[in-house]
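Enquirer: With chain G held as given, fit chain W onto it using these hints.
Listed below, chain by chain, are the residues.
Number of protein chains: 2
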Amino acid sequence: MARVLYELCGIDEGLRFSPYCWRVRYALAHKGLAVETRPWHFTDKAALAFANHDKVPVLVDGDAVVVESYEILRYLDRTYPEAPLLGDGLAEARARFFKAYAERALAPAMLRTIIMDLLNAIHPKDRDYFRESREKRFGRTLEEFHSPAKGLAQLDAALEPLRGCLKEADFIDGAAPAAADYLLFGNFMWARCVSSADLVSNADPVYAWLERMLDCHDGLGRSALRVTDIEGAYR
Amino acid sequence: MARVLYELCGIDEGLRFSPYCWRVRYALAHKGLAVETRPWHFTDKAALAFANHDKVPVLVDGDAVVVESYEILRYLDRTYPEAPLLGDGLAEARARFFKAYAERALAPAMLRTIIMDLLNAIHPKDRDYFRESREKRFGRTLEEFHSPAKGLAQLDAALEPLRGCLKEADFIDGAAPAAADYLLFGNFMWARCVSSADLVSNADPVYAWLERMLDCHDGLGRSALRVTDIEGAYR
Chain G
239 MARVLYELCG IDEGLRFSPY CWRVRYALAH KGLAVETRPW HFTDKAALAF ANHDKVPVLV
299 DGDAVVVESY EILRYLDRTY PEAPLLGDGL AEARARFFKA YAERALAPAM LRTIIMDLLN
359 AIHPKDRDYF RESREKRFGR TLEEFHSPAK GLAQLDAALE PLRGCLKEAD FIDGAAPAAA
419 DYLLFGNFMW ARCVSSADLV SNADPVYAWL ERMLDCHDGL GRSALRVTDI EGAYR
Chain W
239 MARVLYELCG IDEGLRFSPY CWRVRYALAH KGLAVETRPW HFTDKAALAF ANHDKVPVLV
299 DGDAVVVESY EILRYLDRTY PEAPLLGDGL AEARARFFKA YAERALAPAM LRTIIMDLLN
359 AIHPKDRDYF RESREKRFGR TLEEFHSPAK GLAQLDAALE PLRGCLKEAD FIDGAAPAAA
419 DYLLFGNFMW ARCVSSADLV SNADPVYAWL ERMLDCHDGL GRSALRVTDI EGAYR
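Line by line, the protein sequences give chains G and W. Residues 239 to 473 (our numbering) make up the first sequence, in order. Residues 239 to 473 (our numbering) make up the second sequence, in order.
Calculated from the structure, these hints are not laboratory results. Incorrect hints may have been included.
Repeated chains share a single entry, so a pair holds when one copy, or any two copies, can fit it.
To be verified - Keeping only pairs whose Cα atoms sit at most 30 Å apart, straight-line, the calculated DSSO-like set for lysine-lysine is:
1) K293 - K405
2) K269 - K405
3) K405 - K374
4) K283 - K405
5) K293 - K374
6) K363 - K283
7) K405 - K388
8) K269 - K293
9) K269 - K363
10) K269 - K388
Please read these numbers as outputs of a predicted model, since none were measured by experiment.
In isolation and in its complexed conformation, chain G is listed as follows (with noise of 0.2 Å):
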């Protein structure tokens, strides 16, 4: 029985950078189940027809097809109650919160910072898309929009708390990594995958927790092609 994750790809279809498609490919691997990824350019709509849906990442699992990361998560610890991502109860109702740090907080600090990465790494086919639709969410072009400085800065003060999480354990989720460490670690890989920009010091407690993520589930982050692994797309 096929199980098969669609995933945004870049400039090459081994670069797998989409944010919402790292949590899943982590909450598979906490789950311990294999899958085969099938790369998506962001003007493959019609690829997704299948699922009614226009954006990865997309599980297809026997008969089930599931989209949005959260609702795949969902789906996961409903379906493999074993090794829970986002619990039940409190801690389910927690994990909502680091949805949206992730996704308010780190994602648009980090955007500032790599905008200009990003675009580079993404495919030629699409970045007549992808400049249309982020300049329209911005009000601004992506070279206004561009700014490590600020986009740095932001970041140092959104990862406060987080640093103090750290002090404690070595992951948000505990002693082992699940859902909250997964849904925030996506966005370090997207930043990762894409650019060369340090965002975190390496004095840094989160940086520590970085280097951990990239480790767990035989080094998945760690051994993902980087944009400056493939021969002159970093410029």
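Expert: Just chain W, lined up with the frame of chain G:
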């Protein structure tokens, strides 16, 4: 059997503003446990000698003496397991993040906004101690540290994940509040009791959450004495 909570008080014995004490008051109400509170001043170190501690909250529960707000929450969950506060497993691990978020993101932003009000609300005999200890911590005078413009901007940014989280449920912990809500709300009670500053606009989803938090447990927060209720105390 007596249950006693030592709480910081201000210019009036009824003015209780410590964010850490408010966490505990809400936690006790959550468990349905009655408590007798005793006012304490920053400089009453001798009054806590029995606990080998020099700060409040201190909870005396029969033979148990428990210090530090987070430890008191743990103690309450252990001793009165009904209606979990922190919960266990992933829930408990995630609760630590909210503690760090309250103390490292919300509190510093609020403090820059309300510090002169806070000084004014503190008992006159405690003010030298407060000024000296805080100026040492900040490396500058209270007056130099005081900056509502910076504090409110910082708070606005820090609240962004909370806004997202509250889009899907009335409380951080779901349909009813628990420790994640109390850990954060303690800071808002602190500001509310000593200041009339509007920290959050009434169009903000956080405002609606604050209103719900003030109402819960029979209006525990809403009925608390504020410095503005004390004739001649608010300047």
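Enquirer: Against each hint, give a clear statement of whether it holds in the structure.
Expert: Right, here's what the structure says about each hint:
no., hint, result
1, K293 - K405, "between (37 Å within a copy, 22 Å between copies)"
2, K269 - K405, "both (27 Å within a copy, 29 Å between copies)"
3, K405 - K374, "between (40 Å within a copy, 24 Å between copies)"
4, K283 - K405, "between (44 Å within a copy, 29 Å between copies)"
5, K293 - K374, "within (18 Å within a copy, 52 Å between copies)"
6, K363 - K283, "within (13 Å within a copy, 69 Å between copies)"
7, K405 - K388, "both (26 Å within a copy, 27 Å between copies)"
8, K269 - K293, "within (23 Å within a copy, 45 Å between copies)"
9, K269 - K363, "neither (35 Å within a copy, 59 Å between copies)"
10, K269 - K388, "neither (38 Å within a copy, 44 Å between copies)"
Of the numbered hints given earlier, the model fails hints 9 and 10; all others are met.
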